[in-house]
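Student: Go ahead and model the full structure; you've got the sequences and the hints to work with.
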Amino acid sequence: MSAASSDAIIACEGLSKHFGGVRAFTDVAFQARRGEVTAVIGDNGAGKSTLIRCLVGVHVPDAGSIVFDGRQHPFSNPDGARKAGIETVHQNLALIDELTVAQNLFLNRELVRRIGPFAFLDRKAMRREARAMLSRLSINVPSINQRVRRLSGGQRQAISICRAVGSGAKLVVMDEPTAALGVQETANVEALIRRLRDQSVSVILVSHNFDQVRRLSDQIWVMRAGKMAATVRASETTGNELVALVTGAA
Amino acid sequence: MNNAPAAHSAGAEESRPSLAALLLDPSFWADWASIVGLVGLVIVFGIAQPVFLSVANLQALLLAAAILVVLSIGQTFVVATSGIDLSLAAAVMLGAIILGLVNAAGHGIFIACVLALLATSAIGFLNGLIITAGKIPDFVVTLGTLSGITGLGLILSGGEPTMVGSTFLLRLASGSFGPFGYPVWVAIAAVIVAHVALYHTRFGVHLLATGGQVESAGALGIRTNRVKIAAYTISGFCAGIAAILLVARIGSAEPQINTSLLLNSVAAVVLGGVSLFGGRASILGPAIGALMLTALVNGLTLLNVSAFYQPLAVGAIVVLAALIMRYQK
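Just so you know, the sequences run in chain order Z and X.
For the first sequence, our numbering begins at 1 and goes up steadily by one.
For the second sequence, our numbering begins at 251 and goes up steadily by one.
Simulated from the structure, these hints should not be mistaken for lab results.
Every clue listed holds true.
Just a sample of chain Z residues kept apart from chain X, beta carbon distances all over 10 angstroms, derived: (1) N44; (2) G85; (3) K170; (4) A180; (5) R195; (6) D198; (7) D211; (8) V246.
Computed, partial: chain Z to chain X, Cβ under 10 angstroms: (9) T88; (10) A94; (11) L95; (12) E98; (13) A119.
Below 20 angstroms or equal to it, Euclidean Cα-Cα: the simulated SDA-like pairs (lysine to any residue) are: (14) Z:K124 to X:H445; (15) Z:K124 to X:R452; (16) Z:K170 to X:A469; (17) Z:K83 to X:R473; (18) Z:K124 to Z:S143.
Beta carbons are placed, not taken as given, at the ideal position from N, Cα and C, and that holds for glycine.
Tutor: This is the structure:
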């Protein structure tokens, strides 16, 4: 696992992060391949959330290197990571309830028309683009002019993912995307993630759900007690093996 | 996503609901409370006192509403960020005093007006800065500046009113263009500019996002502190415009706060359907709310109702409006 293969969208080596005396993880190597869904699993406190936060610029690792898209990871904040092309689907979704679907999809990267020194929103273009973005991922919402407040949890998750993908991100990071959803909605979001894979979007997926991980991902990385315990191809593993790897029984 | 309720409401969204269904929907009344209230008042007062509907009275009504309309717009920007500007009326007073003193010191009226606008905008900027940098609730900060500005106004003016004899202001107050007096045109211009800013600029969307969910807006890279400071600065600027209109109207700068201006600015915002929790706003709503409150006072005066009853009526209407708002979807 030493040399990051050239088809890695993101790769890290020797990564460590401590909070005061508390060790989140040490000497972790990890990589995600271009166009694949890469899952990170592990028990609570295994360090997977902190690892992900280091990748998206929320935390700065104490040691180790991160190479994103062939270049040394330069981000010390989430904004820098976003500009470089890493979009995060936040667990709280970061949607604005009172704004419409279209407004949320274009929040903080609104399309404008310039008239002299003034820039006015190009609402027609944004609505058109929003429809295109949603239909590309086969996401159904009642209307793009609907306030997000009135959407279901699954629809909100879909909008949030659509926004991340639609921004032209090179890598989309999802933290427990179905944690708060019911059965039907989980199935819908899983179908959406599968469509992303079909369209060769690079995704990092953090999940507790081993079955889901095996259904959705290409490569699975297992963290245990602050270490990267193992990595397996999803097609070559079983649920029992994953449980064993996560708990350390293997 | 592909479920039945969503498909159902999709149908409702595309085809307009029938008028009867609309009238039975409490949310319709909540969204249009100010215009329904205004029409209701016009009908009631028009029947009770036909003079109310005379052109002269309607023109006077609009003239009297101009200042409140401008202030309500300022208050709307702040309330949209889930804040509240309690120092608004005090800023009007300070702006008026600065206008009066600068003019009395022999400077031109134009410079006096610009300085008044700068001073009130600075007050708004300061409000926003303290709220965001100090992470102090809006209510507390603006309550503090309300008191501070009042004191500053008294110190600067020595507690004495300053006469402002300016032909420019006289013409502003009494002149008219077409059917409306100049102050009405100022208010109309303010409504248009504010409406465009709220609905047709990135700033407007970011303002509503900041008021709606500040953490989410921040997570998407919106500089929410800057947005808040901008909202308060706009509020201060509106107070400056109101100060100029006020001095033009009464011909002097008085070192006393018109508390009803502050309360009515908040009341107009509530009547206009703007959520006090932020994230949801319009400009037309509060402007019509301001018209409605002015019409209420005007009508009651024409009906010879004692001025003592007017605050009671305003209070009742505002609470009633807030009750209706609960049905807003």
